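The listed protein sequences derive, respectively, from chains L and H. Going by my numbering, the first sequence opens with residue 2, and the numbers climb by one from there. Going by my numbering, the second sequence opens with residue 2, and the numbers climb by one from there.
Read the hints as simulated data drawn from the structure, not as lab findings. Take the hints with a grain of salt, since some may be wrong.
Which chain L residues face chain H? A few, computed with CB under 8 Å, are given here [stated by the list, open to error]:
1. H51
2. D91
3. S122
None of the values given here were measured: they were computed from a predicted structure. From the three backbone atoms N, C-alpha and C, an ideal C-beta is built for every residue, glycine too.
Spelled out, the chains give:
2 protein chains.
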Amino acid sequence: MADNRDRPLILISNDDGIEAAGILSLAAALDSIGDIVIAAPLQEMSAVGHAITMRDPVRARPWPFRGPSGQLTAYAVSGTPADCVKLALDKLVPRRPDLVVSGINHGPNTAVNVIYSGTVSAATEAAILGIPSIAFSYCKWGSGDFEASGRVARQVVEQVLDNEWPAGILLNVNIPDIPFDQIKGVMITRQAQARWEEQFAERLDPFDRPYYWLSGTFVNLDSGTNTDLWAVDNGWVSVTPVHHDLTAYRAMEALQQWNWNDKA
Amino acid sequence: MADNRDRPLILISNDDGIEAAGILSLAAALDSIGDIVIAAPLQEMSAVGHAITMRDPVRARPWPFRGPSGQLTAYAVSGTPADCVKLALDKLVPRRPDLVVSGINHGPNTAVNVIYSGTVSAATEAAILGIPSIAFSYCKWGSGDFEASGRVARQVVEQVLDNEWPAGILLNVNIPDIPFDQIKGVMITRQAQARWEEQFAERLDPFDRPYYWLSGTFVNLDSGTNTDLWAVDNGWVSVTPVHHDLTAYRAMEALQQWNWNDKA
Numbered sequence: 002m003a004d005n006r007d008r009p010l011i012l013i014s015n016d017d018g019i020e021a022a023g024i025l026s027l028a029a030a031l032d033s034i035g036d037i038v039i040a041a042p043l044q045e046m047s048a049v050g051h052a053i054t055m056r057d058p059v060r061a062r063p064w065p066f067r068g069p070s071g072q073l074t075a076y077a078v079s080g081t082p083a084d085c086v087k088l089a090l091d092k093l094v095p096r097r098p099d100l101v102v103s104g105i106n107h108g109p110n111t112a113v114n115v116i117y118s119g120t121v122s123a124a125t126e127a128a129i130l131g132i133p134s135i136a137f138s139y140c141k142w143g144s145g146d147f148e149a150s151g152r153v154a155r156q157v158v159e160q161v162l163d164n165e166w167p168a169g170i171l172l173n174v175n176i177p178d179i180p181f182d183q184i185k186g187v188m189i190t191r192q193a194q195a196r197w198e199e200q201f202a203e204r205l206d207p208f209d210r211p212y213y214w215l216s217g218t219f220v221n222l223d224s225g226t227n228t229d230l231w232a233v234d235n236g237w238v239s240v241t242p243v244h245h246d247l248t249a250y251r252a253m254e255a256l257q258q259w260n261w262n263d264k265a
Numbered sequence: 002m003a004d005n006r007d008r009p010l011i012l013i014s015n016d017d018g019i020e021a022a023g024i025l026s027l028a029a030a031l032d033s034i035g036d037i038v039i040a041a042p043l044q045e046m047s048a049v050g051h052a053i054t055m056r057d058p059v060r061a062r063p064w065p066f067r068g069p070s071g072q073l074t075a076y077a078v079s080g081t082p083a084d085c086v087k088l089a090l091d092k093l094v095p096r097r098p099d100l101v102v103s104g105i106n107h108g109p110n111t112a113v114n115v116i117y118s119g120t121v122s123a124a125t126e127a128a129i130l131g132i133p134s135i136a137f138s139y140c141k142w143g144s145g146d147f148e149a150s151g152r153v154a155r156q157v158v159e160q161v162l163d164n165e166w167p168a169g170i171l172l173n174v175n176i177p178d179i180p181f182d183q184i185k186g187v188m189i190t191r192q193a194q195a196r197w198e199e200q201f202a203e204r205l206d207p208f209d210r211p212y213y214w215l216s217g218t219f220v221n222l223d224s225g226t227n228t229d230l231w232a233v234d235n236g237w238v239s240v241t242p243v244h245h246d247l248t249a250y251r252a253m254e255a256l257q258q259w260n261w262n263d264k265a
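The following block holds chain L by itself, in its conformation from the complex (with noise of 0.2 Å):
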């Protein structure tokens, strides 16, 4: 791998898996501007949420991963994508990155599915360590045309690194399911309040055993203009500030007033 340090290194991952289109896309359209090196799940991990591995051994193949510009530095990991930053960062990067990228997501993460996005959380593991790092995601689900994401993305990053960074946070990227010459801009966004409301759709196995499976419909309770799934709907890039402090501050005034220490 050439290491050039005057150009940045950008640690590349995801949650779609290696061999996914979306990272190709992103691989492809950063590529001319750092040194790339690619660290994803051998396996499709969506909706593993921030999960790691510790009760198994992880690996990492070096994967034929090709760039425009030739063969990429491309490791497949046997765990989830937090796993892959993980070790990444430890054993597999020549120097500590510039910036760590996960996506491009086949399908949004919006609201509360930021929650469950193992896309975010490999973006996470770098924000812990204080490393820039950004999610994207195309609000397709399925496989589709990266090709207006890959430009978006490339110009997001082109952002970051021309800017000074806010410390503990990440950026979570959402970006529409329309031609590029049709997105009105960059919207800086807030995770729409929205939820999931199940239904488990019950079946009989052969043995007449029931077993679930998970599905439901996704309400949004949200009607600010501000907010990432407003944004996606109206045609801008929604840009949302995460960071991993989950503490509901406001709640901790209300909570001091009850009388714990009596009892407790």
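Using the hints, position chain H against chain L.
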């Protein structure tokens, strides 16, 4: 199952699995407070984060689970903690629970460990749906005596049932590893800033192929005296309000100053 509407309905889950000592202690501590339904993973599910099962069906098997009052309504679920709560709320409970509790986890869920925690993810699923929920963790790894933590859990639940619940949160409760009568009381805390510094152990398999075990050092970067880590280290029960809005609001303004829309 008794369906006495004068008594609260309490759904119990965990991530250590339905046979863990911690969930038995939690059920025993709460059995006389309310009607209990247990839905917990068939297998141990630590560090699964907020994973959900989308590619496979989920099963729920009635499980013999004895509490102080006799046989409790219990199901072993072939999935993650989040799956357990989603499935239970849709298919296994006789009415909407008044409270969802998760644990008692074998080991702490303080600081950044919250994002890896299956115990917390079960409580988060309830919080998203607006149901009061509590994640309990006993700050001792492995087996251990859950007598003190069971008593604390009961007192915390009594407080929750006596007070008005702040919307949109869960309580992440960490109980120090000291005898009950040495616990100083309850402290309302924030999540400490800390991180794991990974050092994967590299080994060779019998075929000389490398594999890696996740290991590392936990580093507390936070000198505050109102954090979850400080509380349990100083003999207090730590109660942190946790939410699922991951927006880093303080970073939004800085990002809005960037020159986004000249480029994207």
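The hints, checked one at a time:
no. : hint : result
1   : H51  : holds (3 Å)
2   : D91  : holds (5 Å)
3   : S122 : holds (7 Å)
Violated hints for the displayed structure: none, as all numbered hints are satisfied.
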